[in-house]
Amino acid sequence: MINIPSTIKISTRALRVNKMRSALTMLGIIIGVGAVIAMLAVGTGASEKITQQISSIGSNLIIILPGSTTSGGLRMGMGSQPTLTRDDADAILKECSAVQEVAPVLNGAAQVVYSNQNWSTGVYGTTPSMLTIRDWPLATGRSFTEQDIRNATKVAILGQTVVDNLFGNIDPLGQVIRIKKVPFTVIGFLERKGQSPQGQDQDDTIYIPVTTAQKKIFGTTFPGMVRTIMVKAKSTEDLAIAEKQINDLLRQRHHIGPKQDNDFTVRNLTQIMQVAEQSTKVMTLLLGAIASVSLLVGGIGIMNIMLVSVTERTREIGIRMAVGAKTWDIRLQFIIEALTLSLIGGLAGILTGITGSKLISALAGWSTIVSILSILVAFGFSGLVGIFFGFYPAYKASLLNPIDALRYE
Amino acid sequence: MIEQGEFVAIMGPSGSGKSTFMNVIGCLDQQTRGQYLLDGIDVSHMNRDELASIRNAKIGFVFQGFNLLPRTSALENVELPLLYNNIPGTERRRKALAALQTLGLEGREHHNPNQLSGGQQQRVAIARALVNDAPLILADEPTGNLDTKTSIEIMELLVRLNQESNITMVLVTHEPDIATYSRRIIRFIDGRVVSDERTPTTEGKNTMTG
Numbered sequence: 005m006i007n008i009p010s011t012i013k014i015s016t017r018a019l020r021v022n023k024m025r026s027a028l029t030m031l032g033i034i035i036g037v038g039a040v041i042a043m044l045a046v047g048t049g050a051s052e053k054i055t056q057q058i059s060s061i062g063s064n065l066i067i068i069l070p071g072s073t074t075s076g077g078l079r080m081g082m083g084s085q086p087t088l089t090r091d092d093a094d095a096i097l098k099e100c101s102a103v104q105e106v107a108p109v110l111n112g113a114a115q116v117v118y119s120n121q122n123w124s125t126g127v128y129g130t131t132p133s134m135l136t137i138r139d140w141p142l143a144t145g146r147s148f149t150e151q152d153i154r155n156a157t158k159v160a161i162l163g164q165t166v167v168d169n170l171f172g173n174i175d176p177l178g179q180v181i182r183i184k185k186v187p188f189t190v191i192g193f194l195e196r197k198g199q200s201p202q203g204q205d206q207d208d209t210i211y212i213p214v215t216t217a218q219k220k221i222f223g224t225t226f227p228g229m230v231r232t233i234m235v236k237a238k239s240t241e242d243l244a245i246a247e248k249q250i251n252d253l254l255r256q257r258h259h260i261g262p263k264q265d266n267d268f269t270v271r272n273l274t275q276i277m278q279v280a281e282q283s284t285k286v287m288t289l290l291l292g293a294i295a296s297v298s299l300l301v302g303g304i305g306i307m308n309i310m311l312v313s314v315t316e317r318t319r320e321i322g323i324r325m326a327v328g329a330k331t332w333d334i335r336l337q338f339i340i341e342a343l344t345l346s347l348i349g350g351l352a353g354i355l356t357g358i359t360g361s362k363l364i365s366a367l368a369g370w371s372t373i374v375s376i377l378s379i380l381v382a383f384g385f386s387g388l389v390g391i392f393f394g395f396y397p398a399y400k401a402s403l404l405n406p407i408d409a410l411r412y413e
Numbered sequence: 090m091i092e093q094g095e096f097v098a099i100m101g102p103s104g105s106g107k108s109t110f111m112n113v114i115g116c117l118d119q120q121t122r123g124q125y126l127l128d129g130i131d132v133s134h135m136n137r138d139e140l141a142s143i144r145n146a147k148i149g150f151v152f153q154g155f156n157l158l159p160r161t162s163a164l165e166n167v168e169l170p171l172l173y174n175n176i177p178g179t180e181r182r183r184k185a186l187a188a189l190q191t192l193g194l195e196g197r198e199h200h201n202p203n204q205l206s207g208g209q210q211q212r213v214a215i216a217r218a219l220v221n222d223a224p225l226i227l228a229d230e231p232t233g234n235l236d237t238k239t240s241i242e243i244m245e246l247l248v249r250l251n252q253e254s255n256i257t258m259v260l261v262t263h264e265p266d267i268a269t270y271s272r273r274i275i276r277f278i279d280g281r282v283v284s285d286e287r288t289p290t291t292e293g294k295n296t297m298t299g
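Protein sequences appear in the order of chains E and C. When the letters of the first sequence are read in order and numbered with the numbering used here, they come out as residues 5 to 413. When the letters of the second sequence are read in order and numbered with the numbering used here, they come out as residues 90 to 299.
Pairwise CB distance ranges, derived in the manner of DEER restraints:
hint : chain 1 : residue 1 : chain 2 : residue 2 : range
1    : C       : Ala-146   : E       : Phe-392   : 33 to 39 Å
2    : C       : Gly-196   : E       : Leu-351   : 35 to 41 Å
3    : C       : Glu-139   : E       : Leu-380   : 40 to 46 Å
4    : E       : Ile-304   : C       : Ile-278   : 51 to 57 Å
5    : E       : Leu-351   : C       : Asp-131   : 47 to 53 Å
6    : C       : Asp-138   : E       : Phe-392   : 22 to 28 Å
The hints are simulated quantities; they were obtained by calculation from the structure and are not laboratory data. Computed from a predicted model, the values in this text were never measured in an experiment. C-beta: ideal position from N, C-alpha, C; glycine also.
Work out the full structure: start from the sequences and follow the hints.
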């Protein structure tokens, strides 16, 4: 049996004797562990941000855009010719089994005036389903009703940015604002949502009934015209099915022959975001992998110093063997020495990593998240490095011939 | 054949094989031919760890160069064999202190070897050899690095331990003066025993055959 506490004492004493050398050896591990933690924090921060943004635009989201047109040989951009109608939206909800909610949207920019304040913002004519699709609760007030849609009531729901710019400290509920000179009553305002994945301010927006937008604000080139249709699928698994169902339905409704191109585009937003999320995860792994190389280099530093230490202390090893130290007594002594170096280095590395992440957040403005898991992994890894790179020097020491070791000068 | 309680001096010129003989006796090395029985046990075919246990339990070493651990207190140096014998901490301390006291090193327990004189260092080494109650002490030129006065002190100490505690002493030396402290002198030349002069000693029950 081996006396562990005494072996630890012997090992730590040897490290204290060469303070400078021990500190420099630890530095390799400190930098390694610190780099792993900081890099993982940057990666986790980035992917966390993307996940947040995905949920902020609404989950399981599909957007239908009108197709491009060709006029005189010039292909116009996507959405240049409106082809979608409210009836399309209603049909999608009715006929596509994978779809949960549908909201037609007719939007545009408009100048909004309240009292002596004015503000230019995006005005969205839509239905109450919009708020469900975007997982966007009201802060106060009420949403539109079916009646508002039917009667094209002049009521508006405001985003927080609009509220801040038009009203300041005044309670906007029940106030009358003018959108393109048409008076609207404010019936509610939305909770703050922040930036979209593209960096737009999602709160700089006004929702009005889609019929009101069609008849009183933007007008239509043909009856029931809308610019886009937002769709929420029943679940993430249903997204692809919903996409196909919508595509088939709209081709049929728009009388598109088998060889003709669609006059609309179906976009699966969640999927695009998930791809982005996936790529940040890959980036996180890559950053972590690169950082672990420095941990590996730190480990080699430990092995180097331990080999030097074994050579320097050959005589000591000989004395210990002469008075009865067995193979594993010697081996453990050096392994514990290496382990102590790597674990203390690991602890200091954790502090360095956390501080480093905070610095990166403060200086570069990136969001970083130090996860407990990354700390545990980095610390555990540093321990493994210590055992792995400590073993060979320890093995070498334990195989010394006691007579030669005693005679070593 | 070396009996329990004997005081034997091994003499011979450099290269005569006396060091190899000592290494075999000390279980640091194994002979290529023949048999070595220590305390009636054949150690010829033991592995490293078994030999280490035998050294720990039965043999105390005293070297010419003292061979104390540097930057380690006298007390901890003496505790070393007990450590590898898994004696618990408090008993280790008690035994080590007792051994140091026997050798007149009170007050020097916490000195490191570089704070001690040669004679004191050698006494710490003897304390280390004694502490595990080993029945055999091997002294390889124990006075080689010491002045005459200190050499006499150390030799008298070894004689006293031999007589009072019945510890078998095997001494390697090339100084005839030092060899006279023993009661049997074995001379080696070219790896062969050329003479074995002895004065009769008390019969021991345990025998050691070399």
